[in-house]
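Peer 1: Chains U and R supply the protein sequences, listed in that same order. Using this note's numbering, the letters of the first sequence map in sequence onto residues 1 to 116. Using this note's numbering, the letters of the second sequence map in sequence onto residues 1 to 114.
Don't take every hint at face value.
Taking CB as the label site, the calculated pair distances span [said to hold, decoys possible]:
{"id": "1", "chain 1": "U", "residue 1": "Ala2", "chain 2": "R", "residue 2": "Asn56", "range": "25 to 35 Å"}
{"id": "2", "chain 1": "R", "residue 1": "Thr5", "chain 2": "U", "residue 2": "Gly40", "range": "16 to 26 Å"}
{"id": "3", "chain 1": "R", "residue 1": "Ser41", "chain 2": "U", "residue 2": "Gly58", "range": "19 to 29 Å"}
{"id": "4", "chain 1": "R", "residue 1": "Glu66", "chain 2": "U", "residue 2": "Leu11", "range": "28 to 38 Å"}
{"id": "5", "chain 1": "R", "residue 1": "Asn57", "chain 2": "U", "residue 2": "Ala2", "range": "15 to 25 Å"}
{"id": "6", "chain 1": "U", "residue 1": "Leu97", "chain 2": "R", "residue 2": "Thr52", "range": "35 to 45 Å"}
Honestly, the hints are just simulated from the structure, not real lab data. We put the CB at the ideal spot given by N, CA and C, even for glycine.
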Amino acid sequence: DAGVTQSPTHLIKTRGQQVTLRCSPKSGHDTVSWYQQALGQGPQFIFQYYEEEERQRGNFPDRFSGHQFPNYSSELNVNALLLGDSALYLCASSSNLQGWEDTEAFFGQGTRLTVV
Amino acid sequence: DAKTTQPNSMESNEEEPVHLPCNHSTISGTDYIHWYRQLPSQGPEYVIHGLTSNVNNRMASLAIAEDRKSSTLILHRATLRDAAVYYCILRDVEIAGANSKLTFGKGITLSVRP
Numbered sequence: 001d002a003g004v005t006q007s008p009t010h011l012i013k014t015r016g017q018q019v020t021l022r023c024s025p026k027s028g029h030d031t032v033s034w035y036q037q038a039l040g041q042g043p044q045f046i047f048q049y050y051e052e053e054e055r056q057r058g059n060f061p062d063r064f065s066g067h068q069f070p071n072y073s074s075e076l077n078v079n080a081l082l083l084g085d086s087a088l089y090l091c092a093s094s095s096n097l098q099g100w101e102d103t104e105a106f107f108g109q110g111t112r113l114t115v116v
Numbered sequence: 001d002a003k004t005t006q007p008n009s010m011e012s013n014e015e016e017p018v019h020l021p022c023n024h025s026t027i028s029g030t031d032y033i034h035w036y037r038q039l040p041s042q043g044p045e046y047v048i049h050g051l052t053s054n055v056n057n058r059m060a061s062l063a064i065a066e067d068r069k070s071s072t073l074i075l076h077r078a079t080l081r082d083a084a085v086y087y088c089i090l091r092d093v094e095i096a097g098a099n100s101k102l103t104f105g106k107g108i109t110l111s112v113r114p
């Protein structure tokens, strides 16, 4: 099992450009969440996708958008990049459960985005 | 979101037990207590989670206070590989089931001395 895979691992972009990051969830998982982690901080929730729809969203501007494909993989798009968007972007996958059970999320190694 | 409070850092010796505390005085009845850790240059890694009863797995034990306002992650024998940032997180399954977002704080940085 390859676990959660993200690509690319590192990326350098210029301010104002657009970027697309990709994530393949762990086998058997149908839910993908994206997080942004600035240096020295804990990860911050961006949004979550399930059944190809955005289900939850954190406090991020509309410049951040995403997509989930029928095979459950996902993309994170960021438009009009700012210097402050430089961060580690993490993808997490999990299985959708019903009821009151809880389960773990599996994280990828992340994509390190540097905006210059 | 219910919040957690953790010390900034802790040191331990290799092969000794480590107790990492977490306070969550505003916890609600539908909040699960989760612990994740993040090794340098890696994504977070799930450690353990529980609701009311103490939990054990191959990585650690989770001791939950009777009033659920605090919990302790126990690493039974620390190794150098356990040096990481440990995050204590509350997740409310009432909001979106098991897929509620994880709200990370700054965590506690654990250093392990050889």
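Peer 1: A separate judgement is required for each hint: does it hold in the structure or not?
Peer 2: Verification of the hints:
no. : hint                          : result
1   : U:Ala2 x R:Asn56: 25 to 35 Å  : holds (28 Å)
2   : R:Thr5 x U:Gly40: 16 to 26 Å  : holds (18 Å)
3   : R:Ser41 x U:Gly58: 19 to 29 Å : holds (24 Å)
4   : R:Glu66 x U:Leu11: 28 to 38 Å : violated (48 Å)
5   : R:Asn57 x U:Ala2: 15 to 25 Å  : holds (23 Å)
6   : U:Leu97 x R:Thr52: 35 to 45 Å : violated (18 Å)
Hint compliance for this structure: hints 4 and 6 are not met, and every other hint is.
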